[in-house]
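**Student:** Chain by chain, the residues run as shown.
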Amino acid sequence: MGERLLEVNDLSVHFATEDGVVHAVDGVSFELERGKVLGIVGESGSGKSVTAMTVMGLTRDINARFGGEVNYQGRNLLELSDAEMQNYRGNEIGMIFQDPMTSLNPVYRIGEQIVEAIQTHEKMDKRGAQRRAVELLRQVGIPNPEQRVDDFPHQFSGGMRQRAMIAMALSCNPSILIADEPTTALDVTIQAQIIELISRLKDDFNSAVIMITHDLGVVADIADEILVMYAGRVVERAATRDLFYDPQMPYTWGLLGSIPRLDRPRPERLHSIKGAPPSVINMPPGCKFRPRCPHAFEKCVEEPELENRVETPGHLDRCWLDVDVKRSVRGATIAGEAPEAA
Amino acid sequence: MSTNGSGAPLIEVKHVKKYFPIRKGLLQREVARVHAVDDVSFAVREGETLGLVGESGCGKSTLGRTIVRLLEPTDGQILFEGQPIEKLGARRLRPLRRQMQMVFQDPYASLNPRKRVGQIIGDPLKIHGLGDKRERKAQVEALLETVGLSPEHYNRFPHEFSGGQRQRIGIARALALRPKLVVADEPVSALDVSIQSQMLNLLEDLQNEFKLTYIFIAHDLGVVRHVSDRIAVMYLGKLVELSPAEELYQRPIMPYTEALLSAVPVPDPDLAAKRERIVLEGDVPSPINPPSGCRFHPRCRYATQVCSEVEPPLADYGNGHLAACHHPLNVDAATLAAVHAAPESPAEADESALPHDSSGESHPVSGETGHPGQSLD
Numbered sequence: 001m002g003e004r005l006l007e008v009n010d011l012s013v014h015f016a017t018e019d020g021v022v023h024a025v026d027g028v029s030f031e032l033e034r035g036k037v038l039g040i041v042g043e044s045g046s047g048k049s050v051t052a053m054t055v056m057g058l059t060r061d062i063n064a065r066f067g068g069e070v071n072y073q074g075r076n077l078l079e080l081s082d083a084e085m086q087n088y089r090g091n092e093i094g095m096i097f098q099d100p101m102t103s104l105n106p107v108y109r110i111g112e113q114i115v116e117a118i119q120t121h122e123k124m125d126k127r128g129a130q131r132r133a134v135e136l137l138r139q140v141g142i143p144n145p146e147q148r149v150d151d152f153p154h155q156f157s158g159g160m161r162q163r164a165m166i167a168m169a170l171s172c173n174p175s176i177l178i179a180d181e182p183t184t185a186l187d188v189t190i191q192a193q194i195i196e197l198i199s200r201l202k203d204d205f206n207s208a209v210i211m212i213t214h215d216l217g218v219v220a221d222i223a224d225e226i227l228v229m230y231a232g233r234v235v236e237r238a239a240t241r242d243l244f245y246d247p248q249m250p251y252t253w254g255l256l257g258s259i260p261r262l263d264r265p266r267p268e269r270l271h272s273i274k275g276a277p278p279s280v281i282n283m284p285p286g287c288k289f290r291p292r293c294p295h296a297f298e299k300c301v302e303e304p305e306l307e308n309r310v311e312t313p314g315h316l317d318r319c320w321l322d323v324d325v326k327r328s329v330r331g332a333t334i335a336g337e338a339p340e341a342a
Numbered sequence: 001m002s003t004n005g006s007g008a009p010l011i012e013v014k015h016v017k018k019y020f021p022i023r024k025g026l027l028q029r030e031v032a033r034v035h036a037v038d039d040v041s042f043a044v045r046e047g048e049t050l051g052l053v054g055e056s057g058c059g060k061s062t063l064g065r066t067i068v069r070l071l072e073p074t075d076g077q078i079l080f081e082g083q084p085i086e087k088l089g090a091r092r093l094r095p096l097r098r099q100m101q102m103v104f105q106d107p108y109a110s111l112n113p114r115k116r117v118g119q120i121i122g123d124p125l126k127i128h129g130l131g132d133k134r135e136r137k138a139q140v141e142a143l144l145e146t147v148g149l150s151p152e153h154y155n156r157f158p159h160e161f162s163g164g165q166r167q168r169i170g171i172a173r174a175l176a177l178r179p180k181l182v183v184a185d186e187p188v189s190a191l192d193v194s195i196q197s198q199m200l201n202l203l204e205d206l207q208n209e210f211k212l213t214y215i216f217i218a219h220d221l222g223v224v225r226h227v228s229d230r231i232a233v234m235y236l237g238k239l240v241e242l243s244p245a246e247e248l249y250q251r252p253i254m255p256y257t258e259a260l261l262s263a264v265p266v267p268d269p270d271l272a273a274k275r276e277r278i279v280l281e282g283d284v285p286s287p288i289n290p291p292s293g294c295r296f297h298p299r300c301r302y303a304t305q306v307c308s309e310v311e312p313p314l315a316d317y318g319n320g321h322l323a324a325c326h327h328p329l330n331v332d333a334a335t336l337a338a339v340h341a342a343p344e345s346p347a348e349a350d351e352s353a354l355p356h357d358s359s360g361e362s363h364p365v366s367g368e369t370g371h372p373g374q375s376l377d
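So the protein sequences, as listed, match chains A and B. Oh and the first sequence: position 248 is 248 in the working numbering, straight run, nothing missing. Oh and the second sequence: position 105 is 105 in the working numbering, straight run, nothing missing.
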C-alpha cells in the first residue's frame with residue numbers, strides 16, 4: 001500500500017445562482033495513494049470537473065457552499081485561507097486542463113509562462129528557472145527544448161501545447177496531478193502519446209494522478225480505480241478491472257455500450273443512453289438515473305445509497321436491482337446490442 | 001451499412017489539389033504554399049457513406065469544403081452527377097447548393113447565437129425562395145421533429161440547448177433543402193460518448209429516410225466504422241488508403257492506417273494491456289514543405305531508403321482496396337503479384353514503383369500481436 005495522499009470525504013459543492021441552488025457535487029468520497037491513477041468518468045455536467053477543481057481550490061467563490069472534507073496529508077484544504085491554499089496549489093497539486101489552446105496565454109512565450117509558474121511557487125532566480133523550464137520541456141518530449149522554449153503558443157501544435165501545459169503543471173514537483181479531459185481536444189494518435197506521457201511521468205515524479213474523462217476507453221489501461229459520476233453523485237466505484245468486467249450500474253453499462261468498439265464486430269446500431277442528464281437545479285426524486293434507465297422499477301423512486309452489493313469488497317454502486325438480475329441483463333447493453341433505452 | 005451505395009457515382013473527385021498561398025512583404029508576393037490537398041481522387045456513389053479519416057492538418061476538412069465548393073480547388077476536377085462544378089461561379093453554383101450541404105464540427109460556433117432556431121433552420125428555405133412564411137414554419141417544425149427535437153423549440157435561441165441538441169439543429173439546417181449530399185465535418189467529436197452514439201444513430205436513420213449520401217469526416221476510426229461503407233485515409237494532403245469499411249479494420253495495408261487503428265482506445269483493460277500500441281512519434285510534418293517520397297516515411301516504423309525517394313502509387317489490391325505504400329501490410333504473395341497502379345494514383349507518383357516484398361517476409365504482422373482489427377470475441 002502506498003502512502004495515502006488525498007482523502008475526500010462526503011464532499012458536496014453547491015452554487016447559489018439566480019435560478020436556484022445548483023447541486024454540482026453531492027456526497028462524493030474517494031482516496032488517492034501515491035503512484036496510483038484514479039479515473040473519474042461521466043457526462044458533461046456530472047460534477048467530475050467541479051470535484052477536481054474543488055480539490056485544487058478553484059471553486060472558492062462567494063456563491064459556493066462546501067460540505068465534507070478534502071484532506072491532503074492530514075489537512076482539510078476546504079478550511080484553509082486563500083493565501084494558505086496558494087501553497088498547496090501548484091506545489092502539491094498540479095492541474096492540466098482540457099483545452100490547451102485557451103489555457104496558455106497567447107502573448108507570452110512558452111518558457112516565460114513556465115518560469116512564472118516556477119517563480120510563483122519557489123524562490124529561484126530567473127536563470128535557474130529558465131534552465132528548469134528547458135529541462136521540463138525535454139522531459140515531456142518537446143524536441144529541441146532549448147529553442148522551442150522561446151516559442152509562442154501559436155507556434156506549437158495542439159499536442160505540443162498540451163505537453164507544455166503538463167510541463168507547467170509538473171514545474172514544482174506536485175504529488176498529485178489532476179488531468180481534466182487532457183486529450184478530448186486532441187487527435188486519437190496524439191491522445192495515445194499524451195496518455196503514455198502522463199503514465200510515464202507519474203512514475204518519474206512518484207506522484208498520483210486523477211484523470212477525468214467522458215470516455216471509459218481512455219482510462220481503461222491506465223487507471224487503477226474508477227469513479228463513475230452522474231448528476232453530482234458517484235454512482236459506481238470499483239477497481240478498474242471490476243468496473244469493466246463486472247459493472248453494476250445500468251448507467252455504466254450504457255457508457256460502455258455507447259463506445260464504438262474496434263475489438264468487436266460492428267453492431268447494427270450503436271447503443272445509446274436516451275435523453276439527457278437531469279437538471280442539477282431540479283433533480284428528480286429517487287435514483288437520479290431513473291428517467292433514462294431501461295431497467296427502472298417501483299423501488300427506484302427511493303434513492304439508493306452508494307453501497308457494496310457484490311462479493312468484491314470496495315466495489316460500490318447505487319442501484320436497487322438484484323445482483324443476479326444485473327448480471328443476466330447487462331450483457332446486451334454493454335455489447336451495444338440492446339436497442340435504445342426506452 | 002454496407003448494403004448502401006450501389007448506384008451511380010454522385011460525386012467524383014479527380015486529381016483535386018488545393019494549395020493555400022503564403023504571402024509576405026509589401027507586395028504580398030507568394031513565398032510558399034500550403035499543400036493542403038495534393039492530388040486526391042475518389043468517387044462516392046449515391047446512397048453511400050464515405051468516411052474520410054486522418055489527423056489534424058491532413059487536409060480532410062479542406063477536401064470536404066472543396067467538394068461542396070466552399071473553396072475553389074487549385075487544380076483537378078469535381079463532378080457532381082457527372083457535371084463539372086470546380087469552376088462554376090456563385091450564381092451557377094446556387095442551384096447546386098441545394099443538393100450539397102454541410103454539418104460542422106463545433107455546435108457552439110456554427111449556430112448564430114442571435115438567431116432563433118426557427119430562423120436558423122428556415123433561412124436556407126428563405127434564401128432559395130421555397131414556400132411562403134407559413135409553409136416554411138410548418139417545414140421547420142417537421143424538421144425539428146425529424147432530428148429528435150420538439151416543434152416548441154422553434155422560438156428558442158441556441159444557448160438554451162445542450163451540445164448534442166445544438167448538433168441536431170445543425171443537422172436539421174443541413175437537411176432543410178433536402179440535399180443529396182451531406183458533408184459532415186467531425187459532427188460528433190465535440191460531444192460526450194453517450195451523445196455521440198445518439199447522433200450516429202440519427203445520421204443513419206436520416207440517411208435511410210432521405211436517401212442521403214454522406215462524406216463523413218473524422219479523426220477517430222472507431223466512430224467512422226459505424227457509419228461508413230468505405231473509408232478513405234488521408235495523410236498530409238494525400239490519399240494513402242481507400243477500402244471497404246470492414247476490410248480496412250481486418251486488413252489495413254498502409255502502416256499509417258495500422259497506427260491509427262492501434263491508437264483508438266479499447267474499453268477493455270486486459271485487451272488494452274495486451275495489444276500492441278503503435279505510438280506515432282511527433283506530429284504531422286508541415287504541409288508547406290512535405291517530406292519527399294512517401295509523406296509518412298519520417299514517422300513510419302517500416303520505412304526504408306526507397307520510401308524517402310520515391311512516391312508510391314496508389315496500388316489496387318483488389319476488391320476496391322487501394323493503398324499507397326512500398327511495404328504493404330497484410331498482403332499475401334498472390335495478391336502482391338496481381339497488384340497494379342490504380343487510376344486514382346497521383347500524377348507525380350512513380351507508377352512502376354509497385355511494392356514487391358510481401359508482408360510475411362518484411363515485417364511481422366498482427367496475428368498474435370492482438371491487432372484491434374481482429375475480433376477477439
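Everything labelled a hint here was simulated from the structure, so no lab data went into it. One or more of the hints may lead you astray.
[As the list claims (entries may be wrong)] Result set (DMTMM-like, lysine to aspartate or glutamate): computed pairs, CA atoms no more than 20 Å apart in a straight line:
#1 B/126 - B/141
#2 B/274 - A/322
#3 B/180 - B/348
#4 A/326 - A/246
#5 A/36 - A/3
#6 B/87 - B/209
#7 B/17 - B/106
#8 B/133 - B/152
#9 B/14 - B/106
#10 A/123 - A/92
#11 B/14 - B/123
#12 A/274 - B/205
#13 A/36 - A/203
#14 B/211 - A/268
#15 B/274 - A/196
#16 A/274 - B/145
#17 A/36 - B/270
#18 B/14 - B/270
#19 A/299 - A/322
#20 A/274 - B/204
#21 A/36 - A/322
#22 A/126 - A/112
#23 B/17 - B/348
#24 B/274 - A/112
[Stated by the list, open to error] Pairwise CB distance ranges, derived in the manner of DEER restraints:
#25 B/320 - A/4: 28 to 38 Å
#26 A/58 - B/70: 34 to 44 Å
#27 B/112 - A/127: 45 to 55 Å
By construction, the Cβ of each residue, glycine as well, lies at the ideal position given by its N, Cα and C atoms.
**Student:** State for each hint whether it applies.
**Tutor:** Tested hints:
Restraint check: the Cα-Cα separation between residue 126 of chain B and residue 141 of chain B comes to about 15 Å, which is no more than 20 Å; the hinted pair holds. Note on residue 274 of chain B and residue 322 of chain A: the hinted pairing is violated, with a Cα-Cα distance of about 33 Å set against a maximum of 20 Å. About 33 Å separates the Cα atoms of residue 180 of chain B and residue 348 of chain B, which puts this hinted pair outside 20 Å; it is violated. Distance check on the hinted pair: residue 326 of chain A and residue 246 of chain A sit about 9 Å apart at the alpha-carbon level, within 20 Å; holds.
As the CA atoms of residue 36 of chain A and residue 3 of chain A are separated by approximately 10 Å, the hinted pair is consistent with the 20 Å bound. Under the criterion of a C-alpha separation no larger than 20 Å, the hint pairing residue 87 of chain B with residue 209 of chain B is inconsistent with the structure, at around 32 Å. With a C-alpha separation of about 26 Å, the suggested pairing of residue 17 of chain B with residue 106 of chain B is violated against the 20 Å cut-off. Between the alpha carbons of residue 133 of chain B and residue 152 of chain B the distance comes to roughly 17 Å, so the proposed pair stays at or under 20 Å and holds.
Between residue 14 of chain B and residue 106 of chain B the alpha-carbon distance is near 29 Å, which puts this suggested pair outside the 20 Å criterion. For the hint linking residue 123 of chain A to residue 92 of chain A, the alpha-carbon distance of about 16 Å falls within 20 Å, and the restraint holds. With a C-alpha separation of about 33 Å, the suggested pairing of residue 14 of chain B with residue 123 of chain B is violated against the 20 Å cut-off. Proposed proximity of residue 274 of chain A and residue 205 of chain B is supported: the alpha carbons are some 15 Å apart, at most 20 Å.
Of the supplied pair hints, the one linking residue 36 of chain A and residue 203 of chain A holds, its CA atoms being roughly 9 Å apart against a limit of 20 Å. At roughly 18 Å between alpha-carbon atoms, residue 211 of chain B and residue 268 of chain A fall within 20 Å of each other, so this suggested pair holds. Under the criterion of a C-alpha separation no larger than 20 Å, the hint pairing residue 274 of chain B with residue 196 of chain A is consistent with the structure, at around 15 Å. With a C-alpha separation of about 16 Å, the suggested pair residue 274 of chain A and residue 145 of chain B falls inside the 20 Å cut-off, and the hint holds.
Simply put, residue 36 of chain A and residue 270 of chain B have alpha-carbon atoms about 18 Å apart, close enough for the 20 Å limit, and the pair holds. Proposed proximity of residue 14 of chain B and residue 270 of chain B is contradicted: the alpha carbons are some 45 Å apart, above 20 Å. A C-alpha spacing of about 11 Å is found between residue 299 of chain A and residue 322 of chain A, which places the hinted pair at or below 20 Å, so the restraint holds. For the hint pairing residue 274 of chain A with residue 204 of chain B, the CA-to-CA distance comes to about 16 Å; that is within 20 Å, so the pair holds.
A distance of roughly 32 Å separates the Cα atoms of residue 36 of chain A and residue 322 of chain A; the hinted pair therefore is violated under the 20 Å criterion. Proximity of residue 126 of chain A to residue 112 of chain A is assessed by CA-CA distance (about 10 Å); at most 20 Å being required, the pair is judged to hold. With a C-alpha separation of about 12 Å, the suggested pairing of residue 17 of chain B with residue 348 of chain B holds against the 20 Å cut-off. A threshold of 20 Å between alpha carbons decides the hint, and for residue 274 of chain B with residue 112 of chain A the separation of about 41 Å lies outside it, so the pair is violated.
The hint said 28 to 38 Å for the Cβ distance between residue 320 of chain B and residue 4 of chain A, and at roughly 58 Å that hint is violated. Here the CB-CB span from residue 58 of chain A to residue 70 of chain B is close to 40 Å, well matched to the stated 34 to 44 Å. Distance hint check: the CB atoms of residue 112 of chain B and residue 127 of chain A are about 51 Å apart, consistent with the given range 45 to 55 Å.
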